[in-house]
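Here's the letter readout for the chains.
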Amino acid sequence: MSEPSVSRPRRWDKPFSLEAGSEQEMTDAGVEELLQQPPFSEIDASGFKRSLPLHDILKNDARIVGFDEGDIIVRRGDWGNSAFFVLSGTVRVELERGESSLPDEILGRRRSRVKSLWESIAQLWRNHREPEVRAVAEVSGSSPPLQTRMTRGRTRIYLQEVSAVLDKYRTARLEAGHWFGELAALGRTSRVATVFSEGVSQLLEIRWQGIRDILRHDASGGLKRYIEDAFRERALAAFLRTDPLFQGCSTELMQRIVDQVEFQTFGNYDSSKPFKELNSNPEQNLESGEPVIIHEGEVPRGIIMIRSGLARITQQYYQGRRTIGYLSPGQIFGLDEIRTSINSSSPLPCQTQLSAIGHLNAVLVPAELVAEILQQQMTTQNGSEQSKESPARQTVKIQDEALLSQLIDRNYVEGTSLMVIDLDRCTRCDDCVRACATAHDNNPRFIRHGPVLNQFMVPSACLHCVDPVCMIECPTGAIFRDLGQGDIVINDQTCIGCAQCASNCPFDAIRMVDIRDASGDLIVDSKTRAPLTQATKCDLCIDQRGGPACESACPHDALFRVDMQDAARVEEVFAR
Amino acid sequence: MKQLLIQYRYRLSTFLVLVVLILSGTWLYSLTLAKTAFASGTLLLTCILILAAYQWRKKLSFLALGNATAWLQFHIFVGWLSCVLFLLHIGFHVPDGLLEFALFLTYSFVFLSGVLGWLLSRIIPYRLLSRGEQVIYERIPVHRRKIQETVEKLVSDSLKSEEGTAVADFYHKHLEDYFAGSRNQVRHILHSRRHRHQLAQRVVDLQTFLNEREQETMRQIADQIQLKDDLDYQQSLQSVLKFWLFVHVPLTYTLILFALFHTITVCAFASTSG
Ligand code: SF4
Ligand code: SF4
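Quick mapping for you: the protein sequence lines, in order, are chains A and B. Under the numbering used here, think of the first position of the first sequence as 1, with each following residue one higher. Under the numbering used here, think of the first position of the second sequence as 1, with each following residue one higher.
Treat each hint with caution, since some may be false.
Computed list of lysine-lysine pairs in DSBU-like fashion (alpha-carbon distance at most 35 Å, straight line) [what the hints assert, rightly or not]:
| no. | chain 1 | residue 1 | chain 2 | residue 2 |
| --- | --- | --- | --- | --- |
| 1 | B | LYS58 | B | LYS2 |
| 2 | B | LYS2 | A | LYS397 |
| 3 | B | LYS146 | B | LYS160 |
| 4 | B | LYS242 | B | LYS173 |
| 5 | B | LYS153 | B | LYS173 |
| 6 | B | LYS58 | A | LYS115 |
| 7 | B | LYS173 | B | LYS58 |
| 8 | A | LYS168 | A | LYS49 |
| 9 | A | LYS115 | B | LYS59 |
| 10 | B | LYS242 | B | LYS153 |
| 11 | A | LYS168 | A | LYS14 |
| 12 | A | LYS115 | B | LYS242 |
Since the hints were made in silico from the structure, they are not lab data. Quantities reported herein were computed from a predicted structural model and do not represent experimental measurements.
Input sequences plus hints: build the corresponding full structure.
Pasting the structure below:
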């Protein structure tokens with residue numbers, strides 16, 4: 001009997017231009033045409049590997065997409081997974097954030113509104129007895145003002161009155177030859193502005209692996225320079241200043257730092273799949289799956305500051321390595337070594353090793369400049385103590401290294417609001433689940449069940465990740481990060497039930513449910529008659545007055561939420 | 001114990017101060033020759049109503065009413081205080097009237113069940129974590145059913161494969177009833193493992209009379225016996241935690257009814273001064 005066999009999937013089995021939402025296949029002729037015009041004509045194709053030529057990268061990782069008047073191309077706050085190059089037409093970038101920017105309703109988001117006192121109390125009798133009841137008018141999309149339409153094979157949100165929007169909100173015009181969206185795509189961060197099409201436009205969309213490979217192999221470095229310059233110019237100084245070390249820097253020194261910082265990228269993934277693999281097989285992570293950023297014993301060339309992603313700190317322990325901490329965005333590595341080197345005037349090698357968990361972007365600030373900052377601080381006599389104690393700087397550590405290792409291996413360190421139940425205190429009364437149900441129209445958004453690490457259970461509830469892979473590929477942007485509070489929430493009015501988020505979530509925290517009307521009947525698709533489904537998950541009780549109901553309902557102080565990026569809190573709660 | 005006292009030192013000292021205040025207040029009040037029972041009764045009734053309000057806090061969990069942990073601590077504190085007031089109120093004697101006696105009994109049960117519940121909620125979580133998978137109470141029957149099916153399949157397979165009937169005989173004699181439902185509840189509550197040991201011993205005794213395949217089947221059945229026992233353990237202890245509330249809460253409402261009735265009758269038929 002022969003074994004069942006399948007060929008291993010390869011990177012370009014499915015070109016970008018054949019994925020859902022594309023209009024036409026990217027042809028050889030199309031690619032050749034692109035390569036004739038700048039900036040692609042300026043790329044030095046000779047440095048590309050034979051197995052990864054520039055032509056094939058463009059053919060497989062790029063696609064040409066057309067937009068009609070008013071179509072939203074990217075939305076502020078959404079997940080950035082690809083960059084855009086304007087081929088023809090004009091697009092508009094909204095300029096301001098906050099009050100004067102495009103309102104959430106227009107962007108397909110629910111404005112989060114906390115329930116009034118009366119509405120909160122009325123939940124006791126107004127909640128539906130049937131599960132997952134929705135207002136039919138909202139689901140059918142008939143409730144204004146969100147506008148979606150099917151254009152060129154893709155559900156798109158669009159602005160109806162473009163001229164009115166242009167009058168009312170400040171925007172900038174981007175014409176043919178401009179790039180946008182590249183920072184979010186490469187940094188795995190959310191989009192900082194909304195961009196929409198003014199009139200008909202044609203754009204080249206490149207998924208981030210494609211840009212990454214062009215950046216790596218283009219010997220002339222044109223595109224790399226463009227993207228790095230953009231980050232240097234628009235965001236780097238502000239990013240560095242989030243750490244107290246850089247806060248007191250003189251403008252002149254900061255300018256030199258900005259000019260000399262190196263950008264680094266580690267790890268290799270663009271979807272939730274590697275996350276899931278990590279979760280299902282935590283043992284194999286350490287040596288095989290995590291690229292080393294700085295080896296133990298190596299003299300650091302500078303300090304590493306994490307831009308996005310998470311890094312693990314390990315130390316040699318007999319024949320293996322043991323995890324002793326991790327770093328999250330904004331935290332830095334290597335400062336102590338450089339500081340000691342200055343004092344002892346001989347270079348100090350790293351006592352620990354830093355490696356990337358999943359995908360990681362970092363910046364390296366050269367050691368000479370760091371030394372200069374430290375010296376500047378010492379002369380002003382205020383900085384060194386203050387920067388040493390900065391909580392943001394701290395590596396996240398837990399006394400129990402085995403527990404720490406498990407938290408990292410299972411990727412729970414991604415959570416900004418990880419639910420943890422201390423089973424030594426939990427009386428299994430389910431008051432937490434009941435409170436959650438009351439706050440969600442009688443539908444509890446988590447079950448009190450999940451892996452147990454030491455005495456801590458991590459139930460299947462949304463972690464509200466730093467790097468929320470569930471948001472990748474949501475076609476309508478129904479799942480989004482609430483810009484006010486940072487929580488990941490789902491808008492029922494725009495969720496089309498495609499289950500993309502549920503299948504991407506590595507923690508199985510999103511459930512697809514059949515929805516019903518107030519009388520309990522299933523709501524069905526008018527054409528196919530199939531029941532409509534929608535995604536549901538914990539929204540941290542975003543509309544409730546008392547915050548997360550589960551946490552405040554636990555009488556035994558057994559259930560708590562932890563921001564795994566908060567070193568002090570992590571240490572405190574896991575040491576109980 | 002010492003640690004516990006240190007941990008609760010603020011609450012304990014507040015409690016002691018309040019008790020001293022109540023006692024001296026009562027003594028001063030008694031000097032006026034007024035009936036102290038009226039004052040202690042009023043305070044006691046207030047305490048009981050505050051204690052009952054905890055249940056309502058649970059229902060209004062979505063309001064910003066402070067977290068339930070703080071409420072529970074307050075509930076326990078007021079509970080102990082009510083006990084002092086109650087003793088003062090009854091003058092440290094068991095009352096003799098029918099209603100008063102019923103009231104006395106109800107309060108005592110509510111108070112003792114409260115203390116018991118508090119102890120149980122401290123002890124049982126540790127125990128639950130020490131054995132078996134962490135399962136949701138309502139899902140225990142489903143898990144048990146699965147285990148039972150696994151064992152029944154092992155037994156029926158052993159019959160099909162033309163082995164002897166030893167495994168099946170053993171199952172019908174010693175295990176059928178064991179797998180049919182929750183067993184040994186009291187033993188689990190008392191933390192006894194004797195039944196488990198006895199069953200394991202029976203399996204070992206049988207092994208010498210079995211061929212290799214039967215031995216393997218019996219080993220698998222033995223694993224299921226342990227799984228099922230752990231499940232029973234979880235169920236028994238979780239039942240205790242749930243059952244305790246079914247006693248404490250209804251009794252509290254009964255107490256409130258009795259207390260209100262008692263207050264009305266006392267106010268209607270007695271004067272407040274000597
Ligand atoms: S935070 Fe709110 S939605 Fe999330 S699990 Fe707790 S109660 Fe449910
Ligand atoms: S409310 Fe607290 S004690 Fe009760 S089940 Fe939830 S976590 Fe456990």
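(Q) If you test the structure against every hint from before, which numbers come out violated? (A) Violated hints (numbers, rising): 7, 8, 11; every other hint is consistent with the structure.
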